[in-house]
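Trainee: Spelled out from the first residue to the last, the chains are:
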Amino acid sequence: MEFALSEDQRLLQDSITGFLKDTVPLDVVRRIADGDAEATKAAEQGLADMGTLGLNLPESEGGYGMGLLGACLVQEALGHYVAPSAFLAAAVAGDVLARSGSNLAMGIASGVESFGLALTELSSRRDGAGVKVDNGKLTGRSLLAMVPDGPNHVVVADETGHLHVVKDWAATPMRTIDRTRTFVELSFDQVSVVETMPDAARALAIARLLVAADTLGAAQAMLDKAVEYAKERRQFGRVIGSFQAVKHLCAEMAAKLEPARALVWHAAYAMDTGDPEALVMANLARAHLAEVGTFVAKTATEVHGGMGFTDLLGLHYWFKRIGVNRQLFGSPEQARQAAAVAQGFVEA
Amino acid sequence: MKLDLSPEYEAFRQDVNRILTENAHLAPTPDDKGFKNPKRLAWQKLLIEHGLTARTIPKEYGGSGAEPDLLKSRIIAEEFARTGIARPLSGQGIAMLVPTLLELGTPEQKEKYIRPTLHGEMIWCQGYSEPGSGSDLASLRTSAVEDGDDFVINGQKIWTSTAKQADMIFCLVRTDPDAKKHEGISYVLFSMDTPGIEVRPLVDMTENANFNEVFFTDVRVPQSGIVFEKNKGWQVANATLTHERGMLGDPNATKARFLELVEMMKTETLNGERLIDNPLLRDRLMKLQAEVYAMQANGLRVTTAALNKQSAGLAGLIVKLQGCELNHQIAGLAIDALGELGILYGEGDHLRADGSWQWRYMYDLGLIIGGGTAQIQKNIISERGLGMPREPKPAKV
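Chain order of the listed sequences is S and V. First residue of the first sequence? That's 211 in my numbering, and the numbers climb one at a time after it. First residue of the second sequence? That's 39 in my numbering, and the numbers climb one at a time after it.
None of these hints come from the bench; they were simulated from the model. Please note: incorrect hints may appear among the correct ones.
Below are the DSBU-like pairs computed for lysine-lysine, each with C-alpha atoms no more than 30 Å apart in a straight line [to be verified]: (1) V:K71 <-> V:K150; (2) S:K441 <-> V:K431; (3) V:K218 <-> V:K40; (4) V:K325 <-> S:K508; (5) S:K508 <-> S:K530; (6) S:K435 <-> V:K325; (7) V:K325 <-> S:K530; (8) V:K347 <-> V:K293; (9) V:K270 <-> V:K218; (10) V:K40 <-> V:K325; (11) S:K435 <-> V:K431; (12) V:K83 <-> V:K40.
Keep in mind it's a predicted model, so treat the numbers as computed, not measured.
Bound-form chain V, shown alone (with noise of 0.2 Å):
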C-alpha cells in the first residue's frame, strides 16, 4: 500500500491544476449551451492540445498522442473533480466508439471519423436497444439486407441518446437472420441524415427527452460502414459495451456528488436549525459517506489491479452496481432532508439547486437500469465473480 504519489506524479498534478487554473476563465459555464457551442469546441481544443483530454489517441487522429498511463489520466480525472472546472467533452461518439475504431476500424475509418468526433465538430447516437430486445441484445431485429454495395436497413431502435442532434450512428443490425442469434449482427456506421431515419424524442419520468426511438424505413446505407466484419458485430459491440459500463459509477464523479449533499446539508435550515445538526439525517449522511469511501477504495484497487495489467476480480464487477446504486441514494437523502422544498421541480422560487436533487434522483433510478440493468450485474457477479451456475435453457418448445 502506498497511496502517496511519486514526486515525478506529483509534478504532474501539479501541472494539470495549473493548466486548469491558468486556463479557466476560458471554460465554458453552464449558459454555454448546445452540442457545437464554439466555447466548447474550442475548450476541447485546448484541453487535447495539453494532453487533458484523448490523452493516448494518436496524433494523426486528432489526439495528444501521449504514452498510456493510467495514473496521469486518473490525476487528471481528480483535477477536474477538485477544481471543479469544466470537464472535455464526452458522449457516445468519444468514450465508446472511438476506442472500438481504435481497436477494429479501417484505416479509412480511423482517418475519417476518430478527429472530428474528439474535437466535438461531429456527434455520435448508439443504436444498439430495441423495443423487444433489451437485457437480451443479441436478440436484435433490425436488419439489414445487402443490395449491391449497399445494406437497406428496416426496424427500431430505442435509448438512443443524442439522436437528435447526431450526425453519424453505431448501429447494431441483423445481417444473417439465419444464423445463430450472436453470429448474425455487424455493427455498422451511417449517417443520420440518410432518407427514412425518423427520431422521435423519448420523454422520460425527468420531463425531458433524455432519449429518443429511432425508425428506420428502406434506409439505403454503404456496407463499407462495416466496422471489423460482417456478422461480426457482436463482438465488437461487447468492446464498447466494456467502455461503457467503465463510465458508470465513476467513485469520483460520486465522491463529487456526496460533497454537494454535505455543502448543501450545511447550508440549508430547517426552523431554525442546520439539516446536518439533525441527528437523524446526520447519521444517514454518514451511512453514505462511508459507501463513498468504500467505494473511492474499491476504486483505487481497481486502478492498481489495471496498473499491473490484472484482473480486479470482483472489485472491479461490482462497481456499475453499487456506485449507481449509491448515487441514487444521495439524491434521494438530499431530497429527504430538503423535506417540503425537496419536492419543487422545473422552476420557482424556492427551488433549490436548479431541483437538480429530483432530477437525479430520477435520471439515476434510470441508469441502474441502463447500461445492463441491476439484474444482469448481479447475474454476472454471480456467475463470473463467484463461480455460479447460469441459468438452465428453458427447453424449447
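Extracted from the complex, chain S is given alone in its bound form (with noise of 0.2 Å):
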C-alpha cells in the first residue's frame, strides 16, 4: 500500500509549478485579468507545450497516461497560481470521448483539436436558457460555459442529460467576480452535432472534481501567504504571527486543508481505478473543498489584515477564485445530494 505521490507524479507537479511561478506571477495576474489577451495566451500556450492537454489519457490516446490524479495535480497548481487555463475543459472532454472511442480524443494532446466546456444544463437548468437536440440539431443557450480562447469544438450537456460535441456556436462573454477566468454565454442555433456521448454524471464528476484541485491550490496559496505575512508584519513590537489568535487561525486553516488535499488525491484515485465509490468520493470532495477553501479564503484574508482586503496584495484574485469555484457546475448541496444519489441514500 502507498498512499502517496509517485516520482512521476511529483516531477509534474514541480515542472507545472516552476512555470507557472515565472509565467504567471502577481504583474501577469492583473494584466490577464484585465483583459491583456497575450499574457493569457502566453501561459496557455506554456501549459500546451509542457504537454499537459490530454495528460490524463492513456498513451493509445495520445496522452500520457497520468490518469485524474495527474490532471488534479496540474489543476491544483493552475488554482495555486490563479492561471488561466484550458486545462479543465480538455481534461474533462478528452475523458469521456476517450471512453466513448471517439477518435478526436487522439487529436487533444497534439493540439489539432481543442475543446470548451458546457456542462450547466447538468446541475444547473434555468429559465432562459437551456439546450435541446431535434433531428441531430442542437438549439439553445449554455451559461458560465468554459470556452477559452479558440477551441474548434465545444462539449456541451443538453436536458436529457446527453453530452453532445459541436463546432458551431456564438459566445457571450459573461463577467463574474473571478477576472483569472473567462466565462461565456453559448448560444446555439441548429447546430449540427458531431458525437452524442452518454456518461453526463462521470463527465460531471470530473469536473467537480477538478474544481475541488483548483480550490486546493488556491486555497493553499492563500494560506502560505497568510503564514508569511503573519510571520513578518509586526504590531505591539512583535511579529503578529507569535499571538496565539494569529497562530490558531492559521492552524486552523492547514488542520482543515491538509485532509482535504487527501480526499482529493483519493477521490482522484478513486476514478481512476474504478472504485465503487468513485462518484460518491468526487462529488464530497467537491463540496468539502467549497466548504474548506470558503474558511480558508476569509480566514486567510483576515490575517492579512486591512491588506487582505486592498487590491494592493491582490490577494483578492484567489479569493474570489475560490467564490467562483465554489459555485460552479452546481453548489456544494448539489454536489453532496449527488454523493447522496450515488450511494443510494435517496433516489435521485
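Assembly of the complex is requested from the two constituent chains, each provided in isolation within its own frame, with the hints serving as guidance.
Mentor: Here it is in C-alpha cells:
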C-alpha cells in the first residue's frame, strides 16, 4: 500500500509549478485580469507545450496516462497561481471522448483538437436558457461555459443529460467576480451534432473534482501567504504570527486543508481505478473543498488585516477564484446531494 | 498511489478475518463487564496467541514476537472494525506504559510488568495531570523526597482514569524542586495498594466517574520504581504522550461511528419519514461523510509516511484536533436527527442506542480537551507544522 505521489507525479507537480511561478506572477495575473490576451496566450501556450493537454488520457489515446490524479495535480497548480487555462475543459472532454471511443480524443494532446465545456444543463437548468437536440440539431443557450480562446469544439450538455460535441456557437462573455478566468454564455442555433456521449454523470463528477483541486491549490496559496505575512508583519512590538489569536487561525486553516488534500487525491485515484465509490468521493471532494476553501479564503484574508482587503496585495484574486469555484458545476449542496444519490441514500 | 494490497497482505487479511470469525463465539460481549472478567482475559490470551494484539512485543515478555509491520497492524485494526468483533484489551498500561518500558525500562521492569499488563492481569493508571498543572504539565508539584531506598510522595493527581481498578500507577513526581521545571521530574512506578493513597471518583458531565482524583499523603515507595533515570521523567513522559496522541482521533473508529449514524438515520423515522430522507439532515450527514473520508485518506497518508520511515508532517500533527472534533460532530448530528428522543439518557423505554449518542457527545468533548487541548494542538500545528514563532514568555515579576 502506498498513499503518496509517485516520482512521476511529483515531477509533474514540480515542473508545472515551476513554470507557473515564472510565467504567471502577480503582475501577470493583473494583466490577465485586465483582459491582456497576450499574457493569457503566453501562459496557455506554455502549458500546452509542456504537454498538459491530454495528459490524463491513456497513451493509446495520445496522452501520458497520468489519469485524473495527474490532472488534479495540474489543476491544483493552476489554482495555486490563479492561472488561466484551457486545461479543465480539455481534461473533461478528453476523458469522456476517450471512454466513448471517439477518435477526437486522439487530437487533444497534439493540439489539433481543442475543447470548450458547457455543462450547465447537468446541474443548473435556468429559465431563459437551456439546450435541446432535435433531429441531430442542437439549439439553445448554455451559461457559464468554459470556452478558452479559440477551441474548435464544445462539449455541451442538453436538457436530457446527454453530452454532445458541436463545432458552431456564438459566445457572449459573462463577467464574474473572478477575472483570472473567462466564462461565456453560448448560443446554439440549429447546429449539427458531431458526436453524442452518454457518460454525463462521470463528466460532471470529473469537472467537480478538478474544481476541487483548483480550490485546493488556491486555498494552499492563501494559507502560505497568510503564514508568510504573519511572520513579517509587526504590531505591539512583535510579529503578529507570535500571537495565538493569529497562530490559531493559521493552524485551523492547515488542519482543514491537509485532510482535504488527501481527499482530492483519494477521489482522483478512485476515479482512475474504477472504485465503486468513485462518484461519491468526487462529489464529496467537490463539496468539501468548497467549504474548506471558503473558510480559508475568509480566514487568510483576515490574517492579512486591512491589507488583505485592498487591491495592493492582490489576495482578492485567490478569494474570488475560490468563490467562483464554490458555485461552478453546481453548489456544494448539489454535490452532496449527488453523493447521497450515488450511494443510494436517496433516490435521484 | 496504490491502495490495493499485495497478494501476501491480502492473504494476511483473509487469515485475520478467518481467525476472528472462527473464534467469534469466544469473544466477550458487552455483558461481560469488569476489568479482570475471565472471558475478557481468555479472549485477550487468544488474540495474543494468534498475533492479533501485542504483535511486536517479544515473546519473552508475553507478546506475539512478530516482526514490526505497520501494514499488518493496520489490517488487523481494520478487520476488527469491519467484523465488529470485540477488540483486544486497551487502556493506559497497554497503550502507554508497555511501549515506554520496552524503550526505556530496566530488564527487571520489563520482566515484571509487561506480561501481566498485556494479559489484562495488571491494571495501570496514569498519574500525570494535577489540579494546577494541566496544559503546563511540567509545572507539576507532587513531590517525591528521598528517604533511604525509598521516596516519600506527597501531592495530588487528577484526571486519573481507572485509578479505582488499578493495581499500579505510572506517575510523574518532582524529585528536584530546585532544578528547571523540565529537569526535576522523575517517572516512577508503584503499587496503588501503598498506604497513604486515596482515590476519589471525579464525576463528570456524563454522570459517570470516568476519571478520579488521587491524593498522596506520605506514600512510601521504593526508588527502584524509577523508569530510565532520576530527573529524566520528562523525556520518559514525552515518549508516552506520543503514544497517547496516536490513540486519539483514529480514523477507523470515526468511520465506524459514522456508519452507525447512517444506519440509525436509515432506520429511525420521524413523522413517518426516515431521518435520512429529510434533506436538511441528509445534507449535514453528507458534510460529515466528506470529513470522515478526508480523515481516512489523511490516515492512509500518515501510515504511508510511517511505512517509509518518513515524517508525515502536518498530516500527522492535525489528527488529534480534527479527529476528536469530527467525532463530536457525528454525535451532535445523531442527537439532532433523533430530535426530541435525542435528549433521553440513562434508561427508559424510548431510549435510542442506550443513550450512547448523548454520552459520546459529552465524552468526546472531554477528549477535545484531554490529551492536549485543542488550543495546545493548534500551538503545535502552527509552531511545528507552519514554523510560526512561539508566544514570547512574559517577563518575570
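Trainee: Is the Cα-Cα distance between S:K441 and V:K431 30 Å or less?
Mentor: 18 Å, holds
Trainee: Please work out if V:K347 and V:K293 have their alpha carbons no farther apart than 30 Å.
Mentor: 26 Å, holds
Trainee: For a C-alpha distance cap of 30 Å, please report whether V:K325 and S:K508 respect it.
Mentor: Holds. V:K325 to S:K508 sits at ~19 Å (cutoff 30 Å).
Trainee: Hint check: V:K71 vs V:K150, CA-CA at most 30 Å. Holds or violated?
Mentor: Judged against 30 Å, a Cα distance of about 26 Å means the pair holds.
Trainee: Checking one constraint from the list: CA of V:K40 to CA of V:K325, max 30 Å. Satisfied?
Mentor: Distance of about 26 Å is within 30 Å: holds.
Trainee: Need the status of pair V:K325, S:K530: alpha-carbon distance at most 30 Å?
Mentor: 23 Å, holds
Trainee: Given the hinted pair S:K435 and V:K325, is their alpha-carbon gap at most 30 Å?
Mentor: 27 Å, holds
Trainee: Take the C-alpha atoms of S:K508 and S:K530, compute the straight-line distance between them, and say whether it is at most 30 Å.
Mentor: 11 Å, holds
Trainee: Hint check: V:K270 vs V:K218, CA-CA at most 30 Å. Holds or violated?
Mentor: The given pair, whose Cα atoms are some 12 Å apart, holds under the 30 Å limit.
Trainee: Given the proposed pairing of S:K435 with V:K431, does the C-alpha separation stay at or below 30 Å?
Mentor: 26 Å, holds
Trainee: Hey, V:K218 versus V:K40, does the alpha-carbon distance stay inside 30 Å?
Mentor: Roughly 49 Å between the alpha carbons, so the hint for V:K218 and V:K40 is violated.
Trainee: Between the alpha carbons of V:K83 and V:K40, is the straight-line distance 30 Å or under?
Mentor: Roughly 35 Å between the alpha carbons, so the hint for V:K83 and V:K40 is violated.
Comparing the model with each earlier hint shows violations of hints 3 and 12; every other hint is respected.
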